[in-house]
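Trainee: With the hints as constraints, model all of the structure from the sequences given.
This note's numbering numbers the first residue of the sequence shown as 7 and each following residue consecutively.
These are computed hints drawn from the structure, not numbers from a lab. Heads up, a few of these hints could be off.
To be verified - Simulated crosslink set (PhoX-like; lysine-lysine; CA at most 25 Å straight-line):
no.	residue 1	residue 2
1	Lys89	Lys17
2	Lys52	Lys65
3	Lys65	Lys85
4	Lys52	Lys17
5	Lys90	Lys17
6	Lys85	Lys96
7	Lys17	Lys65
8	Lys17	Lys85
Unchecked claim - Derived DEER-like restraints, expressed as beta-carbon distance ranges:
no.	residue 1	residue 2	range
9	Gly54	Ala75	25 to 33 Å
10	Asn13	Leu92	15 to 23 Å
11	Glu73	Gly51	25 to 33 Å
12	Ala98	Trp66	35 to 43 Å
13	Glu72	Ser10	14 to 22 Å
14	Ala57	Asn13	13 to 21 Å
15	Lys85	Lys65	19 to 27 Å
16	Phe55	Ala98	33 to 41 Å
17	Lys17	Pro70	14 to 22 Å
18	Gly51	Glu91	31 to 39 Å
Keep in mind it's a predicted model, so treat the numbers as computed, not measured. Glycine included, C-beta positions come from ideal geometry on N, C-alpha and C.
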Amino acid sequence: RPLSAYNLFFKAERNRIIGISGEQQSAEEKERQRARRRAHRKTHGKIGFAALAQTIAAKWRELPAEERAPYESRAEVEKARYKKELEVWKLA
Numbered sequence: 007r008p009l010s011a012y013n014l015f016f017k018a019e020r021n022r023i024i025g026i027s028g029e030q031q032s033a034e035e036k037e038r039q040r041a042r043r044r045a046h047r048k049t050h051g052k053i054g055f056a057a058l059a060q061t062i063a064a065k066w067r068e069l070p071a072e073e074r075a076p077y078e079s080r081a082e083v084e085k086a087r088y089k090k091e092l093e094v095w096k097l098a
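Mentor: Set out below in structure tokens:
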């Protein structure tokens, strides 16, 4: 399913708050994660999920329309992509 504008915002804000990005993860850490079989996930230890979700939700509610626009346009692109993939899947 496609991510909503809020979900895209949540992902970006979570990475900003806990201070990570996909490129920051070392190759060694990525290899360790691939090698493990659904082991316990290591937490970042900076903020709990409930507090994180409340913080991000409050920011989303206060976000002006012009700052929401990029997330909404990306969500529309995702929705169109999903719809196209769903149609192809139904025909198969």
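Trainee: Which of the listed hints are broken here?
Mentor: none
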